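Protein chains in written order, with our numbering: chain Y, 1 to 317; chain E, 1 to 317.
Calculated from the structure, these hints are not laboratory results. Worth double-checking, as some hints may not be accurate.
Just so you know, same-sequence chains aren't split out, so a pair can sit in one copy or run between any two.
[Claimed, not checked] In the DSBU-like style, the derived pairs of lysine-lysine whose C-alpha atoms are separated by at most 30 Å in a straight line are:
#1 Lys272 to Lys290
#2 Lys237 to Lys290
#3 Lys95 to Lys272
#4 Lys27 to Lys237
These numbers were taken from a predicted model, which means no experiment stands behind them.
There are 2 protein chains.
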Amino acid sequence: MYLPLGFPYYEDGPAYNEILKNYHALKAHGINATLGYIPSSLVQSISWPEEYWIIDSPREIVFTTPPGTAISTRTKIIEDAIYSIAEAGNRDILKGWRNERFPVYGPGGEIVLEIERSASATFGIVTSGVQLLCYVEDEQGHIRLWIARRSEKKQTYPGMLDCTAAGALGVGESPRSAMILEATEEASLDSGIIDTDMRSVGSISYFHMKSPFPIIGNDSASAPLLLPEAQYLYELKLDQDIVPRPNDSEVEDFRLWNVDQVLEALSRGLFKPNSAVVVIEFFIRHGIIKPETEPNYREIIMRLHRRLPFPTAVRLG
Amino acid sequence: MYLPLGFPYYEDGPAYNEILKNYHALKAHGINATLGYIPSSLVQSISWPEEYWIIDSPREIVFTTPPGTAISTRTKIIEDAIYSIAEAGNRDILKGWRNERFPVYGPGGEIVLEIERSASATFGIVTSGVQLLCYVEDEQGHIRLWIARRSEKKQTYPGMLDCTAAGALGVGESPRSAMILEATEEASLDSGIIDTDMRSVGSISYFHMKSPFPIIGNDSASAPLLLPEAQYLYELKLDQDIVPRPNDSEVEDFRLWNVDQVLEALSRGLFKPNSAVVVIEFFIRHGIIKPETEPNYREIIMRLHRRLPFPTAVRLG
Numbered sequence: 001m002y003l004p005l006g007f008p009y010y011e012d013g014p015a016y017n018e019i020l021k022n023y024h025a026l027k028a029h030g031i032n033a034t035l036g037y038i039p040s041s042l043v044q045s046i047s048w049p050e051e052y053w054i055i056d057s058p059r060e061i062v063f064t065t066p067p068g069t070a071i072s073t074r075t076k077i078i079e080d081a082i083y084s085i086a087e088a089g090n091r092d093i094l095k096g097w098r099n100e101r102f103p104v105y106g107p108g109g110e111i112v113l114e115i116e117r118s119a120s121a122t123f124g125i126v127t128s129g130v131q132l133l134c135y136v137e138d139e140q141g142h143i144r145l146w147i148a149r150r151s152e153k154k155q156t157y158p159g160m161l162d163c164t165a166a167g168a169l170g171v172g173e174s175p176r177s178a179m180i181l182e183a184t185e186e187a188s189l190d191s192g193i194i195d196t197d198m199r200s201v202g203s204i205s206y207f208h209m210k211s212p213f214p215i216i217g218n219d220s221a222s223a224p225l226l227l228p229e230a231q232y233l234y235e236l237k238l239d240q241d242i243v244p245r246p247n248d249s250e251v252e253d254f255r256l257w258n259v260d261q262v263l264e265a266l267s268r269g270l271f272k273p274n275s276a277v278v279v280i281e282f283f284i285r286h287g288i289i290k291p292e293t294e295p296n297y298r299e300i301i302m303r304l305h306r307r308l309p310f311p312t313a314v315r316l317g
Numbered sequence: 001m002y003l004p005l006g007f008p009y010y011e012d013g014p015a016y017n018e019i020l021k022n023y024h025a026l027k028a029h030g031i032n033a034t035l036g037y038i039p040s041s042l043v044q045s046i047s048w049p050e051e052y053w054i055i056d057s058p059r060e061i062v063f064t065t066p067p068g069t070a071i072s073t074r075t076k077i078i079e080d081a082i083y084s085i086a087e088a089g090n091r092d093i094l095k096g097w098r099n100e101r102f103p104v105y106g107p108g109g110e111i112v113l114e115i116e117r118s119a120s121a122t123f124g125i126v127t128s129g130v131q132l133l134c135y136v137e138d139e140q141g142h143i144r145l146w147i148a149r150r151s152e153k154k155q156t157y158p159g160m161l162d163c164t165a166a167g168a169l170g171v172g173e174s175p176r177s178a179m180i181l182e183a184t185e186e187a188s189l190d191s192g193i194i195d196t197d198m199r200s201v202g203s204i205s206y207f208h209m210k211s212p213f214p215i216i217g218n219d220s221a222s223a224p225l226l227l228p229e230a231q232y233l234y235e236l237k238l239d240q241d242i243v244p245r246p247n248d249s250e251v252e253d254f255r256l257w258n259v260d261q262v263l264e265a266l267s268r269g270l271f272k273p274n275s276a277v278v279v280i281e282f283f284i285r286h287g288i289i290k291p292e293t294e295p296n297y298r299e300i301i302m303r304l305h306r307r308l309p310f311p312t313a314v315r316l317g
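Chain Y on its own, in the form it takes in the complex (with noise of 0.2 Å):
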């Protein structure tokens, strides 16, 4: 299996040195974390007000606000910031703004801004979701996999391929709850059998990098954008006669698709990338994926748990 280089990890040195020369971390004065990064050429694309932002060397763009400064505060900031990026040519994001806030989290746990879902990849903030692969089995362990087709009036990867259900994680919501909503809404599924059969497997996490919103008036090639993410991993064996159903206008329909058309569809690369990795854990997960066949197992295993240099809801000592 092909996996592109990505996000060179710290330790490989001037490949990592190389990326990041290019990007801008999100620091606050008094929080001892990166928050994100912003590429540079989007730093450089519209003025900081003085009284909230000092643009430090190498390369920092620092809130000063106190630490004690309340969320709202900074989160007000965070969204002045965020419409003079759109004015400045990056009229996507407010295309694509959904009043839905994602926190970001400081060294102890604690929420430092809440920014806009929409933004959150401009400034190269972690996010967190929920994904729910659903199956059946038949009688000679053969397994087969609920596989949704987007939408195609979708905003972002309308038509590719998905997990069963998905959704991202808002400030304070659970991920089981998330999850529980999500597969209800988007595949009409009884929340009773999901509350009995759906089961935690586990969590992945890694960076993802996407092309930038192009910058009027600034032709030179831009920085793609970063995009660290942490997935919580759910599957739910269905009864080969419960047969999940689009309900909102996320989904255009599910196909119970056999494990050698899903590889097939991960190969032509059909899928939605953060959607192809889950089902890329699931088959290593039951087997499919097998270190005798996979020359690039363990190291594909150890890139979809990457440890991601930002502060997450809860830290260990």
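Using the hints provided, position chain E relative to the given structure of chain Y.
Relative to chain Y, chain E alone:
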């Protein structure tokens, strides 16, 4: 759940350097990789023949044999060094000698040398193993695990709790074949049942730190040995009427433990350390350890899949 801090990550900067200053990196001329880490006190306890070794600053001990050197030649050179270290007061290396060799890989996946199993920890060489957990599941979905108690006569971790079967992966062995062999030899399981029902479920990787052998004539506190390990994981759901039985002298007995009993034993430190992490991973995969009840959920998962800074059998790009 409490997890000790353990070996710091490279990006931790000061903490990483504070630990690493007590070790020499093992390298070889013309091979662009660190092969292991040796406590500097052990390096200084013997003299290293100048025709084969050079002690470089900062803190590197380097094979001077050229890149094309035969595996058997390097294997012999390092064996001589092992004997010297043993004679300098670390007799335990010889006491544990098993005539079982581990491969040491270069960055292209090629074997650079082989090292006696009982000496791999001394040189901080990454080792690979296989681990099997057998379990039964009742009608309500409640899981019980077949837990082994190690023989009191074992040289390492006598009397401690263990997975159902486990073993080290020698040169050229396939994880699945090695696991089947261990499960038949240690737990008397029928190879037909294993072959049909045993499932590959992933791998874990981590840095284990272990107190070193005492050095005669050197009373200063010595740095712990560094044991980077990778484990290929397997599980096997057994019918209630199948009972694993000790076969060789490795295992005292097998008992069927419920989840609460296993969690209690984990918290009391009754498991061999690198078996405890396998049980924790099983509990995460089976939804017994959950994000809602384990505050360190993601941190534990990331640390159980650490990217090790050494070449392994095959690597990406």
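Q: Check each numbered hint from earlier against the structure, then list the numbers of those it violates in ascending order.
A: 4
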